Structures are given as C-alpha cells and as structure tokens.
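A.B. asks: Given the sequences, and given the hints that come with them, work out the whole structure.
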Amino acid sequence: MRRMNEARPIRPDIGAGRLAPEALADNFSDIHPPLEAHEALVEADRCYFCYDAPCMTACPTAIDIPLFIRKIQTGNPTGAAQTILSSNILGGMCARVCPTETLCEEVCVREVGEGKPVKIGLLQRFATDHLMEKGGHPFVRAEPTGKRVAVVGAGPAGLSCAHRLALHGHEVTLYDAREKPGGLNEYGIAAYKATEGFAQREVDFVLSIGGITLETGRALGRDIHLADLRRDFDAVFLGLGLAGVNALGAEGETSTGSADAVAWIADLRQTTDLASLPVGRRVVVIGGGMTAVDAAVQARALGAEEVTIAYRRGQDAMNASAYEQEIAQTRGVHIRCHLQPRRILTQGGHVSGIELERTTVEDGRLVGTGEIVTIEADQVFKAIGQSFLPDGLASEDAGVVLERGRIRVDAERRSSLDRVWAGGDCIAEGEDLTVVAVEDGKVAAESIHAVLSAQQGLGARIADAVSGAVEALSPGRM
408 MRRMNEARPI RPDIGAGRLA PEALADNFSD IHPPLEAHEA LVEADRCYFC
458 YDAPCMTACP TAIDIPLFIR KIQTGNPTGA AQTILSSNIL GGMCARVCPT
508 ETLCEEVCVR EVGEGKPVKI GLLQRFATDH LMEKGGHPFV RAEPTGKRVA
558 VVGAGPAGLS CAHRLALHGH EVTLYDAREK PGGLNEYGIA AYKATEGFAQ
608 REVDFVLSIG GITLETGRAL GRDIHLADLR RDFDAVFLGL GLAGVNALGA
658 EGETSTGSAD AVAWIADLRQ TTDLASLPVG RRVVVIGGGM TAVDAAVQAR
708 ALGAEEVTIA YRRGQDAMNA SAYEQEIAQT RGVHIRCHLQ PRRILTQGGH
758 VSGIELERTT VEDGRLVGTG EIVTIEADQV FKAIGQSFLP DGLASEDAGV
808 VLERGRIRVD AERRSSLDRV WAGGDCIAEG EDLTVVAVED GKVAAESIHA
858 VLSAQQGLGA RIADAVSGAV EALSPGRM
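Sequential numbering from 408 applies to the sequence shown in our numbering.
Wrong hints could be hidden among the right ones.
Derived DEER-like restraints, expressed as beta-carbon distance ranges [unchecked claim]:
(1) Ala549 <-> Thr481: 51 to 57 angstroms
(2) Arg638 <-> Tyr455: 31 to 37 angstroms
(3) Ser683 <-> Gly756: 19 to 25 angstroms
(4) Glu446 <-> Arg638: 52 to 58 angstroms
(5) Glu429 <-> Pro461: 42 to 48 angstroms
(6) His439 <-> Gln722: 22 to 28 angstroms
(7) Arg629 <-> Val449: 50 to 56 angstroms
Treat the hints as calculated values from the structure; they're not laboratory data.
Treat the numbers as computed from the prediction; the structure is a model and nothing was measured.
The beta carbon of each residue, even a glycine, is placed where N, CA and C say it ideally should be.
C.D. replies: Right under this line is the structure:
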C-alpha cells in the first residue's frame with residue numbers, strides 16, 4: 408500500500424480556554440437571529456397562499472403553512488402559533504432545527520420559480536416565540552377520562568405523545584432515563600441552534616397543559632419494566648431513541664483523545680462554562696451526517712485550529728444537507744471525502760493522528776483503493792450513526808418484535824405487543840429528525856385515544872345494560 412502525508416510525531420494538545428469569553432459567546436450565538444415584527448410582515452407578504460400548498464405536503468406534521476402565514480400577515484401571530492402547535496406541539500424547536508431547505512422551503516413555489524423560498528422556518532419561529540413569550544397555554548384539556556398512559560422517553564416523540572394524550576383528558580406519566588427531559592433537543596442539538604435554554608423552556612411549555620407527571624432518572628429495564636407498566640397503565644408508548652453508538656472497528660479506537668461525538672455534544676450542551684470544555688488543536692470527525700457536522704462546527708467554535716470531516720463516500724452522499732455542509736465549510740471546517748478509517752495512530756497512549764484509506768465506487772459498491780492518507784490529530788470524534796439498545800425489551804415475555812434492529816410498528820405506531828405503541832428513532836421507520844418523531848408521537852397518541860375511548864364507550868354500554876337488567880329484576884317490576 409502507498410502511504411501519503413505520514414504523520415509527524417506531535418505532542419497531543421487538548422485543552423480548555425482556547426478562546427476569550429467574548430469570542431466564545433459570538434461563536435455560539437444564535438445562528439438564525441429571529442425576525443423582527445416588520446421583517447415577519449414583509450416575509451409573510453411574499454407567500455402566494457397556494458390552494459394545494461406543496462409546502463404543507465412536505466411537512467411531516469402537516470402544518471397548515473399558508474394559514475399560519477396568512478395569520479401573521481394579518482397581524483395575528485398568536486393565532487398563527489395556535490395553527491402551528493395544533494399540528495406540531497414542538498413547533499418552536501422544529502423552527503430552529505428542521506432542515507427546511509429539504510422539506511417545506513425546498514418545494515415552495517417561490518423557490519421553484521425564483522430560487523428564493525419564503526422563509527417558512529423563521530416565520531414559524533416568529534409565531535411560536537411570540538406565543539411562548541406571552542405566557543399561558545393555547546389549548547385546554549378535555550374532561551378527565553380516568554385512563555392512565557405511561558410514556559417512556561421524554562424526547563420529541565414522547566413529549567408529543569404525552570401532550571396529545573393529556574389534551575384528550577388522559578393522565579400521563581412521562582419517564583426518562585436522564586436527569587433532564589428533552590431527549591435529542593436537550594442533549595443532541597448543536598448549542599448555536601437552540602440558545603438560551605430553549606429546549607427546557609419548550610418542555611415546560613408542553614407540560615403546562617396539565618395532566619402529565621414527569622419522572623426523570625428512570626430507565627426502562629433498570630428502574631421500570633414493561634410488564635409492570637402494562638399491568639399498571641391502560642396503554643404504553645415507547646419513545647426510547649437511540650442510545651447505542653456504532654463503533655469504527657479500527658485499531659486505536661479506545662485511545663485517549665478518541666471520543667463519541669454524541670456524548671461530547673451532550674457534554675457541551677450541559678456545560679455552564681464553554682471555556683472549561685477541552686478541545687484539540689487538530690480535530691478529525693469521522694462521519695457524514697448531522698452529528699458529524701455539529702461536532703465539527705462546535706469544535707471549531709471552541710478554538711480548534713484545524714477541523715476535518717472525513718467521509719467514506721462522495722460529498723453528495725452525505726446525510727447532512729447541502730446547507731449544513733455549507734455552514735461547516737464557511738466556519739472553517741474541511742470536508743474530505745472518499746476516505747475511510749483504518750487505524751488511529753497514538754503516541755504514549757494518546758491520539759496523534761488517523762490513518763485512512765481512499766475509496767472509490769465500483770459497480771455500485773464502495774471499495775478501498777489501497778492508498779493511505781494520514782491526518783495529524785490530537786482528537787478524533789466518531790459520528791458514524793447510532794443504534795437501538797433494546798434494554799427492557801430483551802426478556803422473552805416482553806413480546807416486542809424488532810425489525811432491522813428497531814421496534815416494528817404499523818401505520819398507527821402500534822407495536823406487536825398489545826397496548827404498546829412506539830415512535831421516534833427507536834422504530835424501524837425512524838428518520839432521525841425531530842419533526843418526524845413529533846409526528847410519530849402525535850399519530851400514536853391519536854391511536855391510543857381511539858382505543859381508550861372505545862373501551863370507555865363499551866364500559867359505559869355494559870354498565871347501562873347491567874343497570875337495566877338489575878332494574879328489570881327489582882321487586883317492583885316483577
């Protein structure tokens with residue numbers, strides 16, 4: 408094999424406080440400053456309010472986009488927010504993190520005709536921020552039904568499901584393994600996309616509907632068990648997310664300085680002092696998705712001097728959108744493609760570089776060329792996907808069928824086990840998007856509500872029939 412750019416021996420350098428507090432604050436400021444009221448009116452006026460709006464079809468939660476924009480245009484941002492939240496209760500976060508450039512805005516008639524879509528995401532944020540700043544909750548719970556539902560996982564799918572069930576009058580107990588709710592929105596989103604503690608403010612907003620009891624630090628299979636939940640509740644929803652991280656399978660993977668990008672981003676999101684978070688001078692991120700981009704951009708924002716994303720296929724095959732790739736590149740991240748990791752080089756047990764092999768595609772298959780490229784690094788992040796850990800579902804009596812390593816569900820998000828539904832990244836159809844997880848939770852909640860309502864109706868009919876029979880047998884009727 409031919410080797411190129413062989414790494415020189417270097418002293419690993421991972422440290423904190425590389426940048427001044429002012430520079431850090433600027434680097435982690437809101438990537439999309441919100442629209443002012445006048446700007447929102449001008450932008451709303453650009454909408455054609457299409458009758459067969461393609462933007463609405465492209466939205467996984469089917470928000471009535473023309474209607475909410477019309478309400479903004481007529482000076483009713485509160486009404487606009489109600490329209491948004493009736494379809495997507497996490498509309499505030501989705502306005503910040505949704506890849507609108509590949510969803511609603513990609514099919515906007517303005518984009519197709521002029522190459523400049525209506526800024527749907529920013530308009531959605533304008534409306535939802537307005538309502539949340541105003542305070543209160545836009546919806547009122549139905550009368551209590553007496554039915555109880557357990558929701559496991561307080562991420563986007565679980566929060567969406569819990570809110571919709573509470574709205575219908577059911578009592579919900581919401582469990583999460585971590586100490587803070589929010590799931591991906593709290594622990595996995597780049598800090599510059601959701602600033603000023605927005606994830607927790609949105610959780611508080613969702614829970615303010617009432618009827619939801621939150622229990623954190625409670626993991627399925629450790630603190631709570633599916634058999635017990637099925638016994639104690641009328642229905643169960645599983646929004647477990649993806650807790651496992653795929654391994655590189657490369658020599659030196661466990662060396663000091665080699666880290667899981669997901670865990671590192673979670674640490675960054677929870678730190679109260681960015682200047683205290685160590686980062687290398689030379690950072691390499693392996694992967695081509697959103698996690699890889701988020702890790703790379705934030706490493707650069709913390710003061711890393713050289714940050715490289717290494718991806719095994721071509722740039723057009725990256726899961727990160729073209730827009731996200733552009734963010735990375737404009738912030739000083741190098742994207743190098745057709746490179747797959749072979750081994751992590753070490754010096755004294757610490758990462759000193761990474762050895763990669765050039766790849767090519769032959770007959771539709773990715774193959775190595777034998778050419779080796781070495782990149783100096785003192786920190787390597789792996790971001791090559793996550794996997795579902797079926798904790799609490801492994802016992803023989805659990806009965807939840809997996810498909811492609813995740814929970815199999817039907818169109819209503821019912822699992823194979825009676826009275827158990829699931830949604831979000833943990834299901835076979837999961838798409839690793841907040842907005843898709845929100846839709847899963849909503850669909851499951853409506854299915855659960857229909858089942859519980861039918862049971863309640865049957866119970867009432869049986870009670871009436873029994874009452875009638877007792878009355879017929881009473882002494883006065885005989």
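A.B. asks: Regarding Arg638 and Tyr455, is the given constraint of 31 to 37 angstroms on their beta-carbon distance met?
C.D. replies: 54 angstroms, violated
A.B. asks: Given the hint of 52 to 58 angstroms, check if Glu446 and Arg638 actually sit that far apart at their C-beta atoms.
C.D. replies: 54 angstroms, holds
A.B. asks: Given the range 50 to 56 angstroms, decide if the beta-carbon distance of Arg629 to Val449 lies inside it.
C.D. replies: 53 angstroms, holds
A.B. asks: Given the hint of 51 to 57 angstroms, check if Ala549 and Thr481 actually sit that far apart at their C-beta atoms.
C.D. replies: 29 angstroms, violated
A.B. asks: Could you tell me whether the CB distance from His439 to Gln722 stays inside 22 to 28 angstroms?
C.D. replies: 24 angstroms, holds
A.B. asks: Does 19 to 25 angstroms hold as the CB distance between Ser683 and Gly756, or does it fail?
C.D. replies: 24 angstroms, holds
A.B. asks: Per the hint of 42 to 48 angstroms, is the separation of the Cβ atoms of Glu429 and Pro461 within bounds?
C.D. replies: Between Glu429 and Pro461, where Cβ atoms are some 44 angstroms apart, the hint holds.
Hint violations for this structure: numbers 1, 2, all remaining hints satisfied.
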